[in-house]
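Peer 1: Each chain, letter by letter, is given below.
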Amino acid sequence: MPERKVLTGNHAAAYACKSVGVEVVAAYPITPQSPVVEKISEFVESGELPNTQFVTVESEQSAISAVVAASQMGARVFTASSANGLAYMYEILCWAAGSRLPLVMCIATRALGAPWSVWTDHQDAFSVRDVGFIQQFVESNQEAYDTVLMSYRVAEDPRVYLPAFVSYDGYILSHTMMSVQIEDDDKVREFLPPLKPHIHLTDFENVHSVNPVTPPGLTVRPEGNTPGYYEFRYSMQKAHEYAIEVIEEVAKEFETKFGRAYGNGIYKPYKADDAEVLIFAVGSVASESRGVVDTLRDEGIKIGLISLKLYRPFPIQHLRKAFNKAKLVVVFDRDVGYGMEGILAAELKSALYAADHRPIIRGFIVGLGGRDITADQLINGVKKAIEEQDNREVQLDTHVDFIGLQLNELGFKKEEI
Amino acid sequence: MVRTEQDIKLEKKVSQTILASQQTPAVGEAGHTGEWRTKRPILHTEKCLVVKTGKLTCNLCWLYCPENTVSRSIPPKFNYDYCKGCGICATECPAHAIEMISEKEAPSCEGNEGGN
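Protein sequences, first through last, are from chains A and B.
Take the first sequence: its position 156, counted from the start at 1, is 156 in the numbering used here, and no numbers get skipped.
Take the second sequence: its position 44, counted from the start at 1, is 44 in the numbering used here, and no numbers get skipped.
In case anyone wonders, no lab produced these hints; they're calculated from the structure.
Since we're looking at a predicted model, the values are computed, not measured.
Fair warning: there could be bad hints in the mix.
[As the list claims (entries may be wrong)] Think about it this way: if two alpha-carbon atoms lie no more than 30 Å apart in a straight line, the pair counts; the simulated DSS-like pairs of lysine-lysine are:
1) A:K302 <-> A:K327
2) A:K196 <-> B:K13
3) A:K252 <-> B:K84
4) A:K196 <-> B:K9
5) B:K12 <-> A:K349
If we strip away everything but chain A, and leave its shape as in the complex, we get:
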């Protein structure tokens, strides 16, 4: 029988690892991720995960190196990190993706230093955008549990073979209790068959090295090392492009088997059908926006939300459809592409550039370093965007709006300048 437990986001992720039967876990503690690996280590210690090896390491770079190595031996592996720890993993994340290893890792999102902050924003998750991982954001602890299950299924699919991130907001999910349904191990096993690894470093009769120096030109050698680097990277891009249909398919199967769905597995629409104004956001910002949509609907504004679940591969075709009626899209980014604008806003603009219907896209930055995002702030942002949507001067302006700054209290007053 499935079990209902009251769990934090971190513990939901740990229970997901237990359900899928991870074989090797290596992680280094960092706030707010630490409890996920502490819980897994408890499972290993108590014998609840008899076939799991927990490797203690001295840093995040070692943690990801250990799971990459274990994955190359054919094990199902897991790790997790946050912010600066994730940044320290950066190099090896590229090796994981470049070897197309089906590892799954959680990011309990946290602001990157400097200055030190342990609170949530999405800068860390977006900073690893281009390493080649599948990237997903979730809004609840149940969604974190379910998305880890689905991620293993997608990552290990021979049509995909890509590592995957599951990102949940530090504290807002990682340390907040919610009701989570833990599924039967047998049922999870039916959904997630045993891993069929494509690298077998345990085949001692047929010794291989992985990832030798690959010259710029195409080098055809009988002993391997073909094709060239360029072809590997092309293959990775294509794997991303075609992973979207697998992700959708897996989400459908998950719904049939377990009865839970998160939109189409790509994005979660909320009151979006007849919406003239749509909010676009991920994670905690999206969940905060749900209440904002309700409030503004009561005021008579035809507004809805597109909460993005799958960030990489970026679901361009899906987003063109999702926004094909809206007049205005308000993007709330809990991150900045420094010197440009919010990362989601920039990417949405890029995705819709060639679309038949191009809504006005207005981006705002919110809640960096865990600054509380209030419903009122989001409502004011939406109203400002509605008011200024036809103002050509505003559209042409390139400054980026930050919502919720408290410059006044620091003595910066416009009227005194």
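Chain A is already provided as a structure; the job is to place chain B on it using the hints.
Peer 2: Using the frame of chain A, we list chain B on its own:
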């Protein structure tokens, strides 16, 4: 040109086939890298656990060699054509059966004789 069905099939095939760069041991661009060696590993077979037990048991020298130049055999043999003399095998050997000796003092070692 819009991609045809064949284009899509080809792209999918590529994305599902070209997965990870793997190579069997082979002569690299640098040729016989054993020439870089300043110290050479030699095996004292009387101490070696594999030789003593007559079984492929320990073989840590083979497992840890980053260049795959130690054989998984009884006794383990070194491929001096490619052994760069890093000494990891000697460090890992629990029986201290591998000694690193200076190339200047080593007897001439043509070909792939291995052992001592």
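Peer 1: Hints first: check each against the structure and report whether it holds.
Peer 2: Right, here's what the structure says about each hint:
1. Only pairs whose Cα atoms come within 30 Å are accepted, and K302 (chain A) paired with K327 (chain A) is accepted, the gap being roughly 11 Å.
2. Restraint check: the Cα-Cα separation between K196 (chain A) and K13 (chain B) comes to about 18 Å, which is no more than 30 Å; the hinted pair holds.
3. Of the supplied pair hints, the one linking K252 (chain A) and K84 (chain B) is violated, its CA atoms being roughly 54 Å apart against a limit of 30 Å.
4. Our distance criterion of 30 Å between C-alpha atoms is met by K196 (chain A) and K9 (chain B), whose separation comes to about 23 Å.
5. Straight-line distance between C-alpha atoms of K12 (chain B) and K349 (chain A) comes to about 28 Å, which keeps the hinted pair within the 30 Å bound.
Hint 3 from the list above is the single one not met by this structure.
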